[in-house]
Amino acid sequence: MTNREIAKYFDLLAKLMELYDDNPFKIRSYRNAYNSIRQISIPLIKLDEKQLLEIHGIGKAIAKKIIELKEKGTFDALDRILEKTPPGILDLLKIKGLGPKKVKMIWKELGVESLGELEYAIKENRLSLLKGFGKKTQENILKQILFLESMKGHFLFYKVLPVAKELMQMFLEKYTNEKFSLTGNLRRYFPVISSIDIVSSIGIDVIIKDFSDQFEYKDGELFYKKIKIHIIKTVANKFGLDLFVSTGPKFFVDKFKLEDNIEETAIFKSNNIPYIPPVFRDNEKIIQDPGSFDESGYVHIEDIKGIIHSHTVWSDGSDSVFDLANYCRQNGYQYLVVSDHSKSAFYANGLKIDQIKYYLEDIVEVNSKLQDFTVFSGIESDILSDGSLDYDDEILSKFDVVIASVHSGLRMNKEKATERILKAIQNPFTRILGHVSGRILLAREGYPLDYETIFQACVENNVVMEINANPHRLDIDWKLIDRARDWGVKFSINPDAHSKYEVDYLKYGIFMAQKGGVLKENCLNIKNTLDFERWIGKKKML
DNA sequence: ATCGCAAACGATCTTAAAGGGAACTTTAA
1 MTNREIAKYF DLLAKLMELY DDNPFKIRSY RNAYNSIRQI SIPLIKLDEK QLLEIHGIGK
61 AIAKKIIELK EKGTFDALDR ILEKTPPGIL DLLKIKGLGP KKVKMIWKEL GVESLGELEY
121 AIKENRLSLL KGFGKKTQEN ILKQILFLES MKGHFLFYKV LPVAKELMQM FLEKYTNEKF
181 SLTGNLRRYF PVISSIDIVS SIGIDVIIKD FSDQFEYKDG ELFYKKIKIH IIKTVANKFG
241 LDLFVSTGPK FFVDKFKLED NIEETAIFKS NNIPYIPPVF RDNEKIIQDP GSFDESGYVH
301 IEDIKGIIHS HTVWSDGSDS VFDLANYCRQ NGYQYLVVSD HSKSAFYANG LKIDQIKYYL
361 EDIVEVNSKL QDFTVFSGIE SDILSDGSLD YDDEILSKFD VVIASVHSGL RMNKEKATER
421 ILKAIQNPFT RILGHVSGRI LLAREGYPLD YETIFQACVE NNVVMEINAN PHRLDIDWKL
481 IDRARDWGVK FSINPDAHSK YEVDYLKYGI FMAQKGGVLK ENCLNIKNTL DFERWIGKKK
541 ML
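The first sequence begins at 1 in my numbering and counts up one residue at a time.
Source of the hints: derived by calculation from the structure; they are not laboratory data. Don't take each hint at face value.
Derived DEER-like restraints, expressed as beta-carbon distance ranges [to be verified]:
hint : residue 1 : residue 2 : range
1    : ASP504    : ASN125    : 46 to 56 Å
2    : ALA266    : THR85     : 52 to 62 Å
3    : LEU146    : GLY59     : 21 to 31 Å
Capping the alpha-carbon separation at 30 Å, the derived lysine-lysine pairs in DSSO-like fashion look like this [unchecked claim]:
hint : residue 1 : residue 2
4    : LYS102    : LYS143
5    : LYS165    : LYS152
6    : LYS269    : LYS250
7    : LYS131    : LYS143
8    : LYS143    : LYS96
9    : LYS250    : LYS218
10   : LYS50     : LYS60
11   : LYS269    : LYS179
12   : LYS416    : LYS94
13   : LYS165    : LYS250
14   : LYS123    : LYS96
15   : LYS423    : LYS96
16   : LYS70     : LYS165
17   : LYS84     : LYS143
18   : LYS416    : LYS255
19   : LYS179    : LYS136
20   : LYS70     : LYS84
21   : LYS179    : LYS165
22   : LYS507    : LYS226
23   : LYS46     : LYS108
24   : LYS152    : LYS136
25   : LYS305    : LYS357
26   : LYS352    : LYS96
27   : LYS102    : LYS8
28   : LYS507    : LYS369
29   : LYS104    : LYS131
30   : LYS218    : LYS72
31   : LYS84     : LYS131
32   : LYS8      : LYS343
Note that CB positions come from ideal geometry on N, CA and C, so glycine has one too.
Construct the complete structure from the given sequences, taking the supplied hints into account.
Encoded structure:
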């Protein structure tokens, strides 16, 4: 269990206690614990009670709960409160715009205990009758419910992949003479997955019989760890064909003359087309002319020389600048841009103006300690509602790299949101535009944007577009990358790491870059240190 | 529930935007 996972339990407990009007100071203590636990770099799971008590924000009661959590995967106080709360109430808490206070009101006054019931209450126009609720709130909530319901049964790619691999392992060990492969959207590295598709030379009935205790069977569908499993039965001489066809997508498959084959590669060969790995098969440019596909032109993880966009203990990250930089160095990168949050990001402990001096000094000191590695100073400066950045020019000029990102006011309409981002791009200090749409996969749709305007502005103002590699964001959407590329937009593939382990999120961004068709020449962080330094030197104006 | 200052107890505080409803509460990042 990671610290962030442990922290989540206390956040949940705090939220639930608020539903029951528990002592607000107690609730605050759990919130404080949530905040401090998230930012500790040593795994709490390895500490005993005495060591836990040394952590600020953790006292006797919370230390005990962490020990319980370690041993049982849960703790009594949470179990008890969960027991008296209908499970649907937890879904209501996920709706943006509904906090504990409003959820409590909906629950107690309307007797609503699930998303479905709330949807019905809204359709009957009963929600807006409650004090503090109006037409707009009702509309927003309805939109959110529909969004959340459409996301039911969907999972993030990075959570599904290890489960799928585990499943493959199980099958391969049990049926040593049979053939299996992952296929479908999972094989094409879609950011959100609704089923694990497997091509199998063995039938589903046999699998169900042999693994009956591992699977759940519901409404004629097979589930493993809550995820839908789709078995595509094939026979040995058709394995390659069925793998190819089920991998999809249809528009890609339609370009090929198909024949029975044991190996997928043979289908490419007989069509006189170079082998195209599944991740690239959604790209429209490639589908149009698969024969001229040249994989070496596209960006790969080995091409990435530097880690851009990362957070340290200076804001809401869990590792020091030194530890993060050293991790990057040990993993073969040449440089790191540390980009902690700016002053408006209160919740993320953003850098106040008087801290910046010490932050910059820390970076200089780490540079003096690390051989063959460079740490550049950056800032993830908040884009305010009006599109301005939250530091003035004098302060922004102190950093090597300014990443401009939106973290608040996420419900703007297209016109306002576009105008805001446009202004941020035009700021002479903005070098990189962070997570452009503000989306959180499965949880929040981003604000709408006029992307053509944004792409054009990026090119005109020499601003690089981030491909945020955090598997919860993967923002910009890979489907937009082709269009951006046509405008001449350059990309930076950034892990947005909040700990050294999250540096490895980079790979998910690489997958998106490949799906979208980012060429090496379009990518900022394939530059070596010297070239990256030159890029920094090319400030837009001084 | 935790902390800190002090010895049993008092203080605990992100803040701006949104929305609803005409001064304020709730929420989000």
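Status of each hint after checking the structure:
{"no.": "1", "hint": "ASP504 x ASN125: 46 to 56 Å", "verdict": "49 Å, holds"}
{"no.": "2", "hint": "ALA266 x THR85: 52 to 62 Å", "verdict": "56 Å, holds"}
{"no.": "3", "hint": "LEU146 x GLY59: 21 to 31 Å", "verdict": "43 Å, violated"}
{"no.": "4", "hint": "LYS102 x LYS143", "verdict": "17 Å, holds"}
{"no.": "5", "hint": "LYS165 x LYS152", "verdict": "22 Å, holds"}
{"no.": "6", "hint": "LYS269 x LYS250", "verdict": "19 Å, holds"}
{"no.": "7", "hint": "LYS131 x LYS143", "verdict": "20 Å, holds"}
{"no.": "8", "hint": "LYS143 x LYS96", "verdict": "10 Å, holds"}
{"no.": "9", "hint": "LYS250 x LYS218", "verdict": "28 Å, holds"}
{"no.": "10", "hint": "LYS50 x LYS60", "verdict": "9 Å, holds"}
{"no.": "11", "hint": "LYS269 x LYS179", "verdict": "21 Å, holds"}
{"no.": "12", "hint": "LYS416 x LYS94", "verdict": "26 Å, holds"}
{"no.": "13", "hint": "LYS165 x LYS250", "verdict": "25 Å, holds"}
{"no.": "14", "hint": "LYS123 x LYS96", "verdict": "19 Å, holds"}
{"no.": "15", "hint": "LYS423 x LYS96", "verdict": "27 Å, holds"}
{"no.": "16", "hint": "LYS70 x LYS165", "verdict": "26 Å, holds"}
{"no.": "17", "hint": "LYS84 x LYS143", "verdict": "28 Å, holds"}
{"no.": "18", "hint": "LYS416 x LYS255", "verdict": "42 Å, violated"}
{"no.": "19", "hint": "LYS179 x LYS136", "verdict": "54 Å, violated"}
{"no.": "20", "hint": "LYS70 x LYS84", "verdict": "23 Å, holds"}
{"no.": "21", "hint": "LYS179 x LYS165", "verdict": "14 Å, holds"}
{"no.": "22", "hint": "LYS507 x LYS226", "verdict": "25 Å, holds"}
{"no.": "23", "hint": "LYS46 x LYS108", "verdict": "42 Å, violated"}
{"no.": "24", "hint": "LYS152 x LYS136", "verdict": "25 Å, holds"}
{"no.": "25", "hint": "LYS305 x LYS357", "verdict": "28 Å, holds"}
{"no.": "26", "hint": "LYS352 x LYS96", "verdict": "28 Å, holds"}
{"no.": "27", "hint": "LYS102 x LYS8", "verdict": "21 Å, holds"}
{"no.": "28", "hint": "LYS507 x LYS369", "verdict": "28 Å, holds"}
{"no.": "29", "hint": "LYS104 x LYS131", "verdict": "13 Å, holds"}
{"no.": "30", "hint": "LYS218 x LYS72", "verdict": "28 Å, holds"}
{"no.": "31", "hint": "LYS84 x LYS131", "verdict": "25 Å, holds"}
{"no.": "32", "hint": "LYS8 x LYS343", "verdict": "25 Å, holds"}
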